[in-house]
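Asks: Going line by line, the protein sequences match chains A and B. Take the first sequence: its position 19, counted from the start at 1, is 8 in my numbering, and no numbers get skipped. Take the second sequence: its position 130, counted from the start at 1, is 883 in my numbering, and no numbers get skipped.
Since the hints were made in silico from the structure, they are not lab data. Using N, Cα and C, we set each Cβ at its ideal position, and we do this for glycine too. Incorrect hints may have been included.
Think about it this way: if two alpha-carbon atoms lie no more than 30 Å apart in a straight line, the pair counts; the simulated BS3-like pairs of lysine-lysine are [stated by the list, open to error]:
1) A/K125 <-> B/K775
2) A/K(-8) <-> B/K915
3) A/K60 <-> B/K864
4) B/K925 <-> A/K96
5) B/K925 <-> A/K125
6) A/K(-8) <-> B/K789
7) A/K96 <-> B/K986
8) B/K864 <-> A/K122
9) B/K925 <-> A/K122
10) A/K60 <-> B/K915
11) B/K915 <-> A/K75
12) B/K877 <-> A/K27
13) B/K770 <-> A/K60
14) A/K167 <-> A/K27
15) A/K60 <-> A/K167
16) A/K167 <-> B/K978
17) B/K877 <-> A/K142
18) B/K801 <-> A/K122
19) A/K125 <-> B/K978
20) A/K167 <-> B/K789
21) B/K925 <-> A/K167
22) A/K75 <-> A/K106
Stretch by stretch, here's where chain B covers chain A in the computed footprint (C-beta under 8 Å, at least three residues) [said to hold, decoys possible]:
23) 35 to 46
24) 63 to 69
25) 105 to 111
26) 165 to 173
Spelled out from the first residue to the last, the chains are:
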Amino acid sequence: MNKSIQLPITAEVASKLHAGDYVYLNGVMYVARDAAHKRMIESLEREEGLPIDIENATIYYMGPSPAREGKPIGSAGPTTASRMDKYAPTLLDLGQKAMIGKGKRTKEVLDAIVRNKAVYFAAIGGAGALLSKCIKESEVVCYDDLGAEAIRKLRVEDFPVIVVADCEGNNLYETAVKEFRTIS
Amino acid sequence: MGTIRTIQTDELVNVVKEMCIKANHFLAPDMDRAMKDALESERSPLGKQILSQLQDNLRIAGEEMIPICQDTGMAVLFVEIGQDVHFEGMLLEDALNEGVRRGYAEGFLRKSVVSDPLLRVNTKDNTPAIIHYFMVAGDKVKITFAPKGFGSENMSRVFMLKPAEGEEGVKKAILTAVDDAGPNACPPMVIGVGVGGDFEKAAIMAKQALTREVGERSPLPHIAKMEEEMLSKINQLGIGPGGLGGTTTALAVNINTYPTHIAGLPVAINICCHVNRHITEVI
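Next comes chain A alone, as it looks inside the complex:
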């Protein structure tokens, strides 16, 4: 089922999403990878708070290539989400509602999705040029010294994602693969 969703996403909207839904995202999302997540968690440990508004936030796991002149961003496809597994449950418990990446997650992350009525979306891995066209604005929010790994704020239009893990505990990576598996 195809849906269009306005970001930031609320628990109410996130809880209506089901694994396998094809969704177009519109609005504002943040970008952060491993290094930025590590700094955010360290900042929390020092009780200094977060540099972004985490309430109902969507975080896109991505590190873009440099933008050419006149373009908001370069190639901008998802990175492997499992590298953020160590940090994601903490952020979800603080109010983050959606993650965009690619690849499998740990049980701890999947449990945190259910517990917080959140959602894990997959964007198409290796489609960085196509996805960059859906990004209309991009600005570095903090950690500029990390270069491609800085935290960014994006405004997206019809950004295509697929619901992989929903708040009922469904996981498309498991169910969809089973359907086509003909070898033990």
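Chain A is already provided as a structure; the job is to place chain B on it using the hints.
Replies: Chain B only, in chain A's frame:
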């Protein structure tokens, strides 16, 4: 003995620079064809949709000069040096790295290299490259540039099997590595395999196997048969495009072999995503 041919290293700098830019915006014809074929044969509707979007992605990348994938890779170079060649100018290694440095800067490619694996400070120019040198006959230099993204690199494996495990052991190792990689490696994948040699020779062969054209089989009949059998088995795993289910999990399985020790059977599996970039120039 042939006459010595002198090559100016400035020429190498330019060739490498151009290869960095081209490889990251245009898939090689063999990969391009394989991706189109996959769109035709895929049986999952969602898988087909993803493959169709990947076609759009390739078109946009080429038309607007946006890298196919934002992970423009760590620069891997296979350099075959004819032994009748003499280099004039820079140190060869410096010239190759300078080419990478310029290519990644001028091509708006992502700088993804950190100087120390634990301290992790970005070198900001995507150097150093990983360079494999081979001395060959003749007076030419053949450079293959194969930038490697790490989503799939991280899912690669080396198995040190016992000789008794034989062909079945090799097949099981390949299937295990691909099944574990699943959606993380951005399927449809290309699987490079190195069998034999020692620990590092197997891994280098696996990487080199990724640069072999999709569709070209091993000249060894028993290995060519294994390549075909493994491709068919991998595509029965159900992983599919994007790992979201389907009949296209891999586009090719390329296996390279080398003599090995009486006590060993090393197997390296280097997994590459569908953006399997490789380009070769002869100077």
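Asks: Indicate, hint by hint, whether the structure satisfies it.
Replies: Right, here's what the structure says about each hint:
no., hint, verdict
1, A/K125 <-> B/K775, "26 Å, holds"
2, A/K(-8) <-> B/K915, "52 Å, violated"
3, A/K60 <-> B/K864, "18 Å, holds"
4, B/K925 <-> A/K96, "27 Å, holds"
5, B/K925 <-> A/K125, "46 Å, violated"
6, A/K(-8) <-> B/K789, "28 Å, holds"
7, A/K96 <-> B/K986, "28 Å, holds"
8, B/K864 <-> A/K122, "21 Å, holds"
9, B/K925 <-> A/K122, "41 Å, violated"
10, A/K60 <-> B/K915, "54 Å, violated"
11, B/K915 <-> A/K75, "36 Å, violated"
12, B/K877 <-> A/K27, "20 Å, holds"
13, B/K770 <-> A/K60, "23 Å, holds"
14, A/K167 <-> A/K27, "35 Å, violated"
15, A/K60 <-> A/K167, "41 Å, violated"
16, A/K167 <-> B/K978, "27 Å, holds"
17, B/K877 <-> A/K142, "22 Å, holds"
18, B/K801 <-> A/K122, "21 Å, holds"
19, A/K125 <-> B/K978, "49 Å, violated"
20, A/K167 <-> B/K789, "25 Å, holds"
21, B/K925 <-> A/K167, "20 Å, holds"
22, A/K75 <-> A/K106, "19 Å, holds"
23, 35 to 46, "violated (count 0)"
24, 63 to 69, "holds (count 6)"
25, 105 to 111, "violated (count 1)"
26, 165 to 173, "holds (count 8)"
Of the hints listed earlier, those the structure fails to meet are numbers 2, 5, 9, 10, 11, 14, 15, 19, 23 and 25, in rising order.
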